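**Q** On the provided structure of chain A, position chain B as indicated by the hints.
Each protein sequence line maps, in turn, to chains A and B. With our numbering applied, the first sequence covers 1373 to 1621. With our numbering applied, the second sequence covers 32 to 509.
Be careful, since some hints might not be right.
Unchecked claim - Distance ranges between label pairs, derived from CB positions: (1) ILE388(B) with GLY1544(A): 46 to 52 Å; (2) LEU449(B) with THR1514(A): 45 to 51 Å; (3) THR1514(A) with VAL490(B): 32 to 38 Å; (4) VAL1511(A) with SER467(B): 57 to 63 Å; (5) ASP1445(A) with ALA344(B): 56 to 62 Å; (6) SER346(B) with GLN1487(A): 52 to 58 Å; (7) LEU449(B) with TYR1515(A): 45 to 51 Å; (8) ALA1494(A) with SER51(B): 31 to 37 Å.
What the hints assert, rightly or not - One side of the interface only, derived from the structure: several residues of chain A facing chain B at Cβ under 8 Å: (9) LEU1428; (10) LEU1469; (11) HIS1471; (12) LEU1472; (13) PHE1483; (14) PHE1484; (15) SER1485.
Note that these hints are calculated values from the structure, not bench results. Because the structure is a prediction, the values reported are computed rather than measured. Cβ atoms here follow ideal geometry from the backbone N, Cα and C, with glycine treated the same way.
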Amino acid sequence: MALIQVTDLTKEYRLSGVVTPVLREVGFTVAEGEFVSIIGPSGSGKTTLLNLLGGLDRDYRGSLRIADAEMRDLSDREISTLRNRTIGFIFQSFHLLEHLTCLENVKLPLFFSGQKRESNDAEALAALEKVGVADKAGVRPTYISGGQKQRVAIARALMMSPRLLLCDEPTGNLDRETGAQIVDLFHRLNREMGMTLLVVTHDERVSRTARRILRLHDRRIDDTAGPGAGAEEFLAGGSDPPSAGGGAR
Amino acid sequence: MTGSGLVRIVGQNVWRNATSLSISAVGIAAGIALFGLFLALVEQVRNVVEGDIVPVDEVEVVPLSSDLQRTFSSAFGDESFGLGEEDVRAISRIPGVVEVLPRMNLKFSGVSYGGASLVGNEIRVELIADGIPPAQVAGRLVDPILPFEDLSPGQSNRPCRFDRDCPPREFCEVRFGGPSAPLVADDDPLTIPRSMRCARQVPTLVSKYLLEFYNTIFAPGHGYMQLNEGLLRVAEKELQFRTRLGDSFMGPQASRWRQRSVEMQIVGVSDKAMDLGVTFPLPYVQAWNREYQGPSAASVYSSVSVRAESKEAMSDVIRLIRAAGYDIKSRVAEQVSSMIEVLGIILLLISLIVIIIAGFNIAHTFLMLVLERKREIGLFRAVGATRANIRNVFLAEAAFIGLLAGTLGLLLAFVGSLAFDTMLVTMVPQFPYKPSTFFDFRLWIVALSLGFAVVFTVVGAFLPALRAARLDPVRALQ
Chain A
1373 MALIQVTDLT KEYRLSGVVT PVLREVGFTV AEGEFVSIIG PSGSGKTTLL
1423 NLLGGLDRDY RGSLRIADAE MRDLSDREIS TLRNRTIGFI FQSFHLLEHL
1473 TCLENVKLPL FFSGQKRESN DAEALAALEK VGVADKAGVR PTYISGGQKQ
1523 RVAIARALMM SPRLLLCDEP TGNLDRETGA QIVDLFHRLN REMGMTLLVV
1573 THDERVSRTA RRILRLHDRR IDDTAGPGAG AEEFLAGGSD PPSAGGGAR
Chain B
32 MTGSGLVRIV GQNVWRNATS LSISAVGIAA GIALFGLFLA LVEQVRNVVE
82 GDIVPVDEVE VVPLSSDLQR TFSSAFGDES FGLGEEDVRA ISRIPGVVEV
132 LPRMNLKFSG VSYGGASLVG NEIRVELIAD GIPPAQVAGR LVDPILPFED
182 LSPGQSNRPC RFDRDCPPRE FCEVRFGGPS APLVADDDPL TIPRSMRCAR
232 QVPTLVSKYL LEFYNTIFAP GHGYMQLNEG LLRVAEKELQ FRTRLGDSFM
282 GPQASRWRQR SVEMQIVGVS DKAMDLGVTF PLPYVQAWNR EYQGPSAASV
332 YSSVSVRAES KEAMSDVIRL IRAAGYDIKS RVAEQVSSMI EVLGIILLLI
382 SLIVIIIAGF NIAHTFLMLV LERKREIGLF RAVGATRANI RNVFLAEAAF
432 IGLLAGTLGL LLAFVGSLAF DTMLVTMVPQ FPYKPSTFFD FRLWIVALSL
482 GFAVVFTVVG AFLPALRAAR LDPVRALQ
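One chain only, chain A, in its complex shape (with noise of 0.2 Å):
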């Protein structure tokens, strides 16, 4: 079943009357438990897709369905609970609150899930154990170093189980080792867990190691089968990406 449906979507920027299209028409399905890489230069659109796919930005045309729900016809209510429950988010600049400690900044989705958890501070210890940064848990972010700081991040995202994980640039703050770890992280929530992630990457090497590609360029999208190489390859230098072909639109 898909978890993401997006047919014929359109995006444009109106700035003192001057339109600039970024997305023409674009359309996808993402399956559950897929492992889904957006690749493609810088200005090609792809954090407005995924500030769609997000429901942070609900100003499109044609249709954009998550977990079955046209994003556009949600309630601020029903689209917070959304963000709250389906979907994570892991930011480039990981968007740590400095004033709390990694414990709090992964506590803080429960904040507004509305639950009421006895056992809040043992799930965000689960969820920081499972990212490798448990001992960090009564540190502020300031004192730990980027992949720490991700990985906290992942944490935050993971601690209300979502069924998708968008990624923006998830390893674009890190030196290449790092992120090799992040994006192995990433493979192992997917493979372990069912997650579906998409990550949003200009780099090849990450994107390389997907088993699928969205390549946008001219504010449209090719879908193509992606080597699946896994974080190893990533770790070695990898090659050239391969080449596109057979995209849904």
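**A** Structure of chain B alone, referenced to chain A:
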């Protein structure tokens, strides 16, 4: 969003922005300090003025009449103009009335003299007095020298020529027989039968107002000793005075052959006593009015003091009294009450202006905070916060700041009141009804001040909170 989540986020936000929030809260605290201080001051002024000087839950009911009617009845010596027993009962049945006190004025003149042992010289004054049913004062006087009641049934009535012929607390009284009123100037003294008998002193009440007037205006001006209620019980001899009934300095006098002296003993201070005069048990006034003005002068009351169940009920009571066909003698209380109201409103407006300016300051601070926390707001939205959640975080933060500022303001007000009190007690000379404190911090003032602090801070933060809630999460995260 869970309550505990909101509390945690608000607590963390307040902690990290403590400096900027404290600075903007100072304005609210200052405004609330003024607000609380002014309210407490007005409350105390109201307590003193409306409670002691001109009670607003009391009015004096008089018969309905035009000024012309009053002039005529007075000019033709119609002393039956007044309120009867039936009127008193009718007034007491009016809803909201909890106490009625019929009063009968002394309807002839008299001159009182005495006080030589107290102040060195004999003071002579025109007697202004009335009588009230003694039962309504019974039990309210603290340890009186004599009971406030008609003491004539228990007197010795022993024949006498001088006071020294009488037992303690009695004096030698001249009593006239024969017809009483109207007395005319050419009465033949030989035709008036008279006897001299020992009689009990007449128990007399003075008002707090008169005592205060004596202590603060009269005594300091003449260098006389000041009096208090305790001293009244000790200075028994000093507070006796004689009155020559029928005599006058200024008005018409009774025939000097019918003038006679009685001895009075001040037995206490009461809020039931007339303000500028003295009050006797009603039977004495009735007997003297009958003696000097005829039976009709002793049959009706001059007025009825009415006490309502509360200040708030007073206006309804007055309306019903007027509807029942009576008039209200004086609305000084109403005017004073309005003046205090106006004073209170002016003072509150001043403090409200300070609070409103502080509210703008709060708005500015929160606007800055929204800009400062833009990315954080974007993150909150990404992890599932609704617009309402974002708005509520800022409003709850404002409410918390308001509560803190309100508490600080009240503390400042309290400390300020202590300082003012110390200053006013030591630097301002004694004046009538000068209270020991000028501020009355009631629980409702505390609650209202805190409520105002919270409301104004929340109102100040409302637009910034709304702006935060409406932030586009995509732009916020950039």
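**Q** Please go over all the hints and tell whether each is borne out by the structure.
**A** Hints, verified against the model:
1. Checking the proposed 46 to 52 Å range against ILE388(B) and GLY1544(A) shows it holds: the Cβ atoms sit about 47 Å from each other.
2. At about 46 Å, the beta-carbon gap between LEU449(B) and THR1514(A) stays in the expected band of 45 to 51 Å.
3. For the pair THR1514(A) and VAL490(B), the supplied restraint of 32 to 38 Å holds, since their beta-carbon distance comes to about 36 Å.
4. Between VAL1511(A) and SER467(B) the beta carbon distance is about 59 Å. The supplied range of 57 to 63 Å therefore holds.
5. One distance hint, 56 to 62 Å for the beta-carbon pair ASP1445(A) and ALA344(B), holds here, with the actual separation near 60 Å.
6. The hinted window of 52 to 58 Å between SER346(B) and GLN1487(A) holds, with their beta carbons roughly 56 Å apart.
7. For the hinted restraint 45 to 51 Å between LEU449(B) and TYR1515(A), the CB-CB distance of approximately 48 Å keeps it satisfied.
8. Distance hint check: the CB atoms of ALA1494(A) and SER51(B) are about 36 Å apart, consistent with the given range 31 to 37 Å.
9. Look at LEU1428(A): its Cβ gets to within about 5 Å of chain B, closer than 8 Å, so that hint holds up.
10. Look at LEU1469(A): its Cβ gets to within about 6 Å of chain B, closer than 8 Å, so that hint holds up.
11. Because the beta carbon of HIS1471(A) sits about 5 Å from the nearest beta carbon in chain B, less than 8 Å, this interface hint is met.
12. Of the supplied interface hints, the one on LEU1472(A) holds, with its beta-carbon coming within about 7 Å of a beta-carbon of chain B, less than 8 Å.
13. Hint status for PHE1483(A): holds, given a least beta-carbon distance of 3 Å to chain B, under 8 Å.
14. Proximity of PHE1484(A) to chain B holds as hinted, the smallest CB-CB distance being about 4 Å (cut-off 8 Å).
15. Among the interface hints, the one on SER1485(A) holds; its C-beta lies about 6 Å from the nearest C-beta in chain B, closer than the 8 Å criterion.
Checked against the numbered hints listed earlier, the structure breaks none of them; every hint is satisfied.
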